[in-house]
Amino acid sequence: MPKLSLNASKKTKHTPAGEIPVDWAVAKIGELCALTNGTGFGPKDWKSSGWPIIRIQNLNGASDFNYFDGTPKESWIVEPGDLLFAWAGTRGASFGPTIWNGPRGVLNQHIFKITPKKTASKQWLYLSLRILTDNIEKKAHGFKSTLLHVGKNDIIGQYVPLPPPPEQRRIADILSSWDRAIETLESLIAAKERRKQALMQQLLTGRKRLPRFDQSKGKTKKDHFETYPADWEHLRLGQIVSETGKRNSLKGNLPVLSCTKHQGLVLSEEYFGRRVHAEDTSNYRVVRRGEFAYATNHIEEGSIGYQDLCDAGLVSPIYTVFQPHKTVTPEYLFRVLKSPLFLHHYQANTSASVDRRGSLRFKEFAQLPIWLPTIKEQQAIAAVLDSADRELTLHRQHLDRLRTQKRGLMGKLLTGEVRVKP
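Mapping of the sequence shown onto the working numbering: residues 1 to 422, in sequence order.
If you're looking for bench data, these hints aren't it; they were derived computationally from the structure.
Remember, predicted model here, so these are calculated numbers, not experimental data.
Mimicking BS3-like on lysine-lysine, the simulated pairs with C-alpha atoms at most 30 Å apart in a straight line are:
#, residue 1, residue 2
1, Lys326, Lys338
2, Lys152, Lys412
3, Lys363, Lys222
4, Lys122, Lys73
5, Lys406, Lys192
6, Lys406, Lys28
7, Lys73, Lys28
8, Lys196, Lys376
9, Lys363, Lys326
10, Lys261, Lys246
11, Lys376, Lys221
12, Lys196, Lys222
13, Lys363, Lys261
14, Lys208, Lys219
15, Lys246, Lys338
16, Lys363, Lys376
17, Lys117, Lys406
18, Lys261, Lys326
19, Lys11, Lys117
20, Lys122, Lys406
21, Lys421, Lys28
22, Lys412, Lys118
23, Lys11, Lys28
24, Lys11, Lys118
25, Lys412, Lys11
26, Lys326, Lys246
27, Lys122, Lys152
28, Lys122, Lys421
29, Lys122, Lys13
Can you build the whole structure from these sequences, using the hints too?
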């Protein structure tokens, strides 16, 4: 990112858009651009070839298109680089402004194409709409829900500061450099995540061995699903874990935990921001530090967790709780139980229930097969994967800092609180 020459704005004036520099103007969005709504392409219009129909999901990167094979009106056509605004979408995701980077296509309903007038650049409008999206969301119908929509008047009536065109371009260039840095780091994180997933799959199945542990000299054994090293032990989960999870008879208030698909066990109220569990927890199960828990009725989603959050917590009565034996390390077992192979096991062994949601009780869970290396190899594998996780965590923390810094700088630049030389 370039070095910036920033100056605090000294002389300001009060406007409907707030305090702005005296040499800036203020205007409504509707005075700076024209908004053209897409058309309602229905299933009868969908073809296998022709013009790609740009829908809400395509603004989030989805590359699967329906096609229109007729002759479109000029107002429907979207070119790469056009500024779009999804006026119906998901809060924090598809809702708001986007610069289209997909193919030439035709615009579906619920999306405006925004055509800037001479007084404002496309990039300036995009950045201003990014700032205003939060305000638009608050005024939107059903703003407490996830899905939002606004009318055209909710957008065109919004006031925005308007610096001279050279300063607009300079501000856009500065913020674009931050975007490029963020995108580069996002790509690095995605590549390292893919590499970690591949490494995890290889180490947990023995396809890749850490140098000092390969005693089988390449010899293998097979089960129905995978080939494993000959020096690994073939067991059932019930041989290395035991069911626990006594009912809540402990005195005092124990924290309630929930199990998530990606994060494992979390503190329920902290994660959801509110109490989602029953007020009476006397029937809840106790899960102690070092134990595991999974949601019996939807483990097929991978909702299983290792309890290292507190000395003892509570989980819903629908959970199954178990503890590992000394023949397996918790860190290694957790990796295996969250692996794609075990996700397949859960899905294949889940029994149908009345509400059509599967369940896997401990009796069936205990029969699942597992190939187990020695304790020392388990520890070494877990250490390698922990190291990869720590590296990813550092990159993600850096990414969070970059995003926070960019948001702060953007707010100051777009309001003129901080000035840059064109």
